[in-house]
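Protein chains: 2
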Amino acid sequence: MNQITIIGLGHIGGSFAKDIRERGLATRIIGVENNEIHATQALELGLVDLVLPMSEALLEADLVLLTIPVDAMLQVLPGILDQVNANQTVMDAGSTKEALIESVKDHAMRSRYVASHPMAGRENSGPGAAISGLFEGKCSVICNREGSASDAVARVIELYEALGMRIVELEAHEHDLHAAYVSHISHISSFALALTVLAKEKDEKRIFQLASGGFDSTVRLAKSSPDMWVPIFRQNRDNVLDVLDEHINVLSRFRSLLIKKDFNTFHELIDQANHIRKILK
Amino acid sequence: MNQITIIGLGHIGGSFAKDIRERGLATRIIGVENNEIHATQALELGLVDLVLPMSEALLEADLVLLTIPVDAMLQVLPGILDQVNANQTVMDAGSTKEALIESVKDHAMRSRYVASHPMAGRENSGPGAAISGLFEGKCSVICNREGSASDAVARVIELYEALGMRIVELEAHEHDLHAAYVSHISHISSFALALTVLAKEKDEKRIFQLASGGFDSTVRLAKSSPDMWVPIFRQNRDNVLDVLDEHINVLSRFRSLLIKKDFNTFHELIDQANHIRKILK
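Keeping their order, the protein sequence lines are chains A and B. Each residue of the first sequence is one higher than the one before, starting from 10 at the first, in the numbering used here. Each residue of the second sequence is one higher than the one before, starting from 10 at the first, in the numbering used here.
Errors might be hidden in some of the hints.
Repeated chains share a single entry, so a pair holds when one copy, or any two copies, can fit it.
What the hints assert, rightly or not - Within a straight-line C-alpha distance of at most 30 Å, the following computed DSS-like cross-link-like pairs (lysine-lysine) qualify: (1) Lys269 / Lys114; (2) Lys270 / Lys27; (3) Lys209 / Lys147; (4) Lys27 / Lys269; (5) Lys147 / Lys214; (6) Lys147 / Lys27; (7) Lys114 / Lys147; (8) Lys269 / Lys147; (9) Lys27 / Lys209; (10) Lys270 / Lys209; (11) Lys270 / Lys214; (12) Lys27 / Lys211; (13) Lys114 / Lys232; (14) Lys209 / Lys232; (15) Lys232 / Lys270; (16) Lys147 / Lys270; (17) Lys214 / Lys232; (18) Lys269 / Lys214; (19) Lys114 / Lys287; (20) Lys270 / Lys287.
Source of the hints: derived by calculation from the structure; they are not laboratory data.
Generate coordinates for the entire structure from the input sequences, incorporating the hints supplied.
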């Protein structure tokens, strides 16, 4: 491919840029980035060849990749589709899919857009957090492909496969539900755990010293940016609420078992939780 | 040191054995292990030179290391102190300290016992899960050292430092409180998260495919053994209940903000949670 334009040069956009460069998947990588510090950093790191204003950046792009917070995507996607032609493809890498697809469902150029969600990412932000091989071996979800032109879908799948990803297809509503289960609730749980410990544990030095007891693992996601995550929780509110209710119920059950000192049932529940071992690697 | 006797050849005991062997810290490593499959496995893996019944294993030991579930420790520690002499040292690596110290506080040989908790460990169990360098760079807590003979404390510190650990000293009650904050609540949260997702997500293939979205990190601890963890929750029940209440409160606050669609406050709370980044590496 001749030119790829990446809109949003943060952790995800930057990691795409790195892999695309290293694997020779595009001759030219153009960035769009409103944050001037990030733009400068991305150029210094060699992530992109050039940073341009949106309209210019779209002109020659074979593929336009949206890697900005999902609320910003809702704002810019229709305008991007206004400017592309039938030889160009637009894709996003957002964590919620239903609202975004809905926002362009009647757009004349809807078929040039491919909705996707690569299930990869770390808790760090900005172009400095871009890493090679982030997507290798992970899954990418493509949603509602029937709304996209087959050549556009083929181009997006080709990119993901070149990054080492497996493709899963899901209807957008299904995607958002599954994402609430296996990703969004984990983040809420981790944010809550960090707040719990910060509230209770006044001696921060102790947290640091003792954190290898498991805390560092469960709280890793609590370092994630609110600018990225609040829009996700807003768009996927109903599903997240549903899973959060269930999670609070399970914790309340543990609480009740501790109060009653019913350690046999506690043991049985942990046995059930261990079943996750058979599902995850 | 001539002989070290390790009681319990699981993940922790086996990892001690590996490092002690590789770093040449003892001439002979003797194991005590009631589970015959684990005993055979530990011998096959070369973790220990010999597996012996408890009384025989104690006879020639310079250092006796207890690495069994904390309820079993309560059962065997007094009997072990009955059998040791003033040249021998007994230490444990349990995750709770107050009950164990209390159980031997009037024992004639109390001063030969050193209470400790190395803050290291993975979610896997058994001698097959033993790994080299598990303790390197982590903290080990020594509790109530004023109850232990100074030569016994020196021997334990020498071992931990030879494994690359830093020493922290805490009073037992303080230890158990901190451990509830930074370790025990993380495990309960993770067990609950696994149960939540297993209950809600009937399509297990999807969990597996999409788990890289954060779930794999927060749910790692849910693979931990109930035989190890239920005794910890039993002994540290009051502290764990206290932290669990707070954790449920924070999650309920998130729930309420979602219901009210108060995403500004949600954003502020995540900003606060991000503060954990400054404390953890």
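Now the hints, each set against the structure:
1. Lys269 / Lys114: between (54 Å within a copy, 28 Å between copies)
2. Lys270 / Lys27: Neither, since 53 Å and 37 Å both go past 30 Å.
3. Lys209 / Lys147: Classified as between; 23 Å across copies, 37 Å inside a copy.
4. Lys27 / Lys269: Answer is neither: 54 Å inside a copy and 40 Å across each miss the 30 Å cutoff.
5. Lys147 / Lys214: Classified as between: cross-chain Cα gap 14 Å, same-chain 36 Å, threshold 30 Å.
6. Lys147 / Lys27: Cα proximity of lysine 147 and lysine 27: one copy only (17 Å, versus 34 Å across).
7. Lys114 / Lys147: Classified as within; 28 Å inside a copy, 53 Å across copies.
8. Lys269 / Lys147: Result: close neither inside a copy nor across copies, 43 Å intra and 35 Å inter.
9. Lys27 / Lys209: The answer is neither: 41 Å in one copy and 37 Å across copies each exceed 30 Å.
10. Lys270 / Lys209: Cα proximity of lysine 270 and lysine 209: in one copy and across copies (24 Å, 27 Å).
11. Lys270 / Lys214: Neither, since 32 Å and 35 Å both go past 30 Å.
12. Lys27 / Lys211: Result: close neither inside a copy nor across copies, 41 Å intra and 37 Å inter.
13. Lys114 / Lys232: neither (35 Å within a copy, 43 Å between copies)
14. Lys209 / Lys232: Both: 18 Å inside a copy, 26 Å across copies.
15. Lys232 / Lys270: between (35 Å within a copy, 22 Å between copies)
16. Lys147 / Lys270: neither (42 Å within a copy, 33 Å between copies)
17. Lys214 / Lys232: both (18 Å within a copy, 28 Å between copies)
18. Lys269 / Lys214: For lysine 269 and lysine 214, neither the intra-copy (34 Å) nor the inter-copy (36 Å) Cα distance is at most 30 Å.
19. Lys114 / Lys287: neither (39 Å within a copy, 43 Å between copies)
20. Lys270 / Lys287: So lysine 270 and lysine 287 pass the 30 Å test inside one copy only (29 Å; across, 37 Å).
This entry does not satisfy hints 2, 4, 8, 9, 11, 12, 13, 16, 18 and 19, going by the numbered hints stated previously.
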